[in-house]
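A.B. asks: What follows is each chain in one-letter form.
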Amino acid sequence: MAVSDTVLLELYRKMQQTRFFEETAAHLFSLGKVHGTAHFCIGEEASGIGVGHALKNEDYILQTHRGHGQAIGKGMDMKRMMAEFLGKETGCCKGYGGCMHIADFSVGSLGANGIVGGGLSLAVGAALTQQYLGKNNVTVCFFGDGATNQGIFHESLNLASVWKLPVIFVCTNNLYGMSTHVSKAMNITDIAVRAASYNMKGISLDGNDVITIYKETLQARDYVLQHGPMLMVLNTYRWMGHSKSDAQLYRTKEEVDEWKNRDPIKQLRKTLLEERHIPVKKIEEIDQEAEIDVEQALAFAEQSPEPRLDSILADVYAD
Amino acid sequence: MREITYADAIREAMSEEMRRDSRVIFIGEDIGVYGGAFGVSRGMLEEFGETRVRDTPISEAVIVGAAAGAAMTGLRPIAELMFSDFITLAMDQLVNQAAKNRFQFGSQGAIPLVIRTPAGSGTGAAAQHSQSLEAWVCHVPGLKVVIPSTPYDAKGLLKAAVRDNNPVLFFEQKLLYRTKGEVPEPELSEDHIIPLGKADIKRSGHDLTIISYGRMVQESLKAAEKLAGIGIDTEVLDIRTLVPMDRQAVIASAKKTGRVLIVHEAVKTGGFGGEIVSTIADSEAFFYLDAPIKRLCGLDVPIPYNPGLEAGVVPSSAAIYTSALELMEQRQLMQGAT
Chain A
1 MAVSDTVLLE LYRKMQQTRF FEETAAHLFS LGKVHGTAHF CIGEEASGIG
51 VGHALKNEDY ILQTHRGHGQ AIGKGMDMKR MMAEFLGKET GCCKGYGGCM
101 HIADFSVGSL GANGIVGGGL SLAVGAALTQ QYLGKNNVTV CFFGDGATNQ
151 GIFHESLNLA SVWKLPVIFV CTNNLYGMST HVSKAMNITD IAVRAASYNM
201 KGISLDGNDV ITIYKETLQA RDYVLQHGPM LMVLNTYRWM GHSKSDAQLY
251 RTKEEVDEWK NRDPIKQLRK TLLEERHIPV KKIEEIDQEA EIDVEQALAF
301 AEQSPEPRLD SILADVYAD
Chain B
1 MREITYADAI REAMSEEMRR DSRVIFIGED IGVYGGAFGV SRGMLEEFGE
51 TRVRDTPISE AVIVGAAAGA AMTGLRPIAE LMFSDFITLA MDQLVNQAAK
101 NRFQFGSQGA IPLVIRTPAG SGTGAAAQHS QSLEAWVCHV PGLKVVIPST
151 PYDAKGLLKA AVRDNNPVLF FEQKLLYRTK GEVPEPELSE DHIIPLGKAD
201 IKRSGHDLTI ISYGRMVQES LKAAEKLAGI GIDTEVLDIR TLVPMDRQAV
251 IASAKKTGRV LIVHEAVKTG GFGGEIVSTI ADSEAFFYLD APIKRLCGLD
301 VPIPYNPGLE AGVVPSSAAI YTSALELMEQ RQLMQGAT
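Taken in order, these protein sequences are the chains called A and B.
Start counting the first sequence at 1; every next residue gets the next number (this note's numbering).
Start counting the second sequence at 1; every next residue gets the next number (this note's numbering).
It is worth saying that the hints were derived from the structure and are not from the lab.
Hints may be right or wrong, so weigh each one.
[Said to hold, decoys possible] Per the computed footprint, the stretches of chain A lying under chain B, defined by three or more beta-carbons under 8 Å from a beta-carbon of chain B, are: (1) 86-95; (2) 100-114.
[Claimed, not checked] If the Cβ cut is set under 7 Å, some of the chain B residues that face chain A in the computed set are: (3) A61; (4) A68; (5) D85; (6) T88; (7) F105; (8) Q108; (9) G109; (10) T279.
Quantities reported herein were computed from a predicted structural model and do not represent experimental measurements.
C-beta atoms are modelled at their ideal positions from N, C-alpha and C, and glycine is treated no differently.
Please build the complete structure, drawing on both the sequences and the hints.
C.D. replies: Below, the structure is given as structure tokens:
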């Protein structure tokens, strides 16, 4: 299956937006402009973007705490994301959630989760709704390697399989659950084999190859609508620490540098230039536009008002 | 009015709501062919089929989580946990997911979800199948908590819970399932909705108020009958909904009688009775009190197996009677002191 230049350029744009968004967010931290914490997906952008861009607006995603790329991939507005990051009233969650709980139901994002594996059971329910209402849509649940060691992983994949629900379980394996290497947390090297327990299809992909991820997600979409859920493992790496307060004593600079050489954005850029013969000027334009988009998002967020305390009780319960 | 059991009332409420609204589905362990561990859903599979009455694996966490996910996306699930003790297995889904998702996502959407679950001791099922854990969930903003004491209330409150747009914990009382009470005929039931958050005076009186919920309301009514025999006129206030609590009704009754006994089966320490006490103590009702507020609760122990011990660690009508008398005497002692 050939992927058009237009699609590749959009994938490139969204990955660059994610990169700039997070670099800007990290910079805001260093300036002391943000409180709380954040988890960055720099180096992992291909997973969120490649999957999200292959979905339809009515498809659902459930993101992880490291979910900026997943949200941008699904088409979320960076202005409202940045405003949420700064805790502003115009944020997608009115400043109540912060970047660990980014959500926008209007583009099918049912929210990022602060609990490792927290989205898994919700995804089963969302897909049950799709199946029950006869929709031709799927649910994607993002989670990390660490989540596959949670009990809810087993319960969710099992039930989704029994009920043949249209869920793509997407495991972003970045090799570490906080500081613990996967080799110390599980006695297998390929997480996709876990699918066999549920008589479910499981595939393992290069998580830095956005074109492959995009193509495989298109196929997975069709597959889960016909056959029920599958597990897709995207093997990648996070360049930054677990969160803003990580001294990274558990890995070497050499290991990080080795993965930086496999930068998913640079890889796609190379393909665009050398295989698709896109003029470098065109690519630089996208770089600039992505940077401007993030600058505008930041300006919007900074100019937005703080949320009000006096109406907060009214938001706990629905009418 | 006809009489039906508490279990029948719950089944009728679910079935009527499922007939009325195709978005209402029912999931849980052994609710289909088996009819539920306590027979509550007997016959529902035959009427609604496997797409709407869905047996699950023994996986409480995903039962609650999937129900919450379905609720977020347009269905209105009723999930059954076979014993309320099993909420321990679904705590993340309940507390971090269902209760929080509306708020933490900036009030996008709603979670119209009912979790029905049998609570309480008295069946010889020992420590892991007999607890009354309602206080835990009352401490989590975003959840509503209901515990009905009669078939009439069970039906009306459950129908209201299914129509509510929030996660509702509906604690049923095992020992009440087979008890009968008046409930309007099904054809009149469309109107039989009891709003959440409204207490009910089950017996009106002037000397003393017993505030309770669930099965202990029935024990309190028995005690009140006996107290009437010795000239003590007892009011029994059934708060029915712990969250939201009808604070006005609690305060009004405390002001009216000036003496309050709170009764629940759950253990005393950290129990919901403390919340009722403080509701009275930091309201104007404080100035109307003729005696300290008293709590009669389960002992601070796990529920034991031996039948005598099991009955002995939770309040009974006899213990309620004795506590009420002590409360009345305390008043006389206080009057004597002044």
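A.B. asks: Hint by hint, note whether the structure agrees.
C.D. replies: Tested hints:
no.	hint	result
1	86-95	holds (count 5)
2	100-114	holds (count 8)
3	A61	holds, 5 Å
4	A68	holds, 6 Å
5	D85	violated, 17 Å
6	T88	violated, 13 Å
7	F105	holds, 4 Å
8	Q108	holds, 5 Å
9	G109	holds, 5 Å
10	T279	violated, 17 Å
Hints 5, 6 and 10, counting from the list given before, are not met by this structure.
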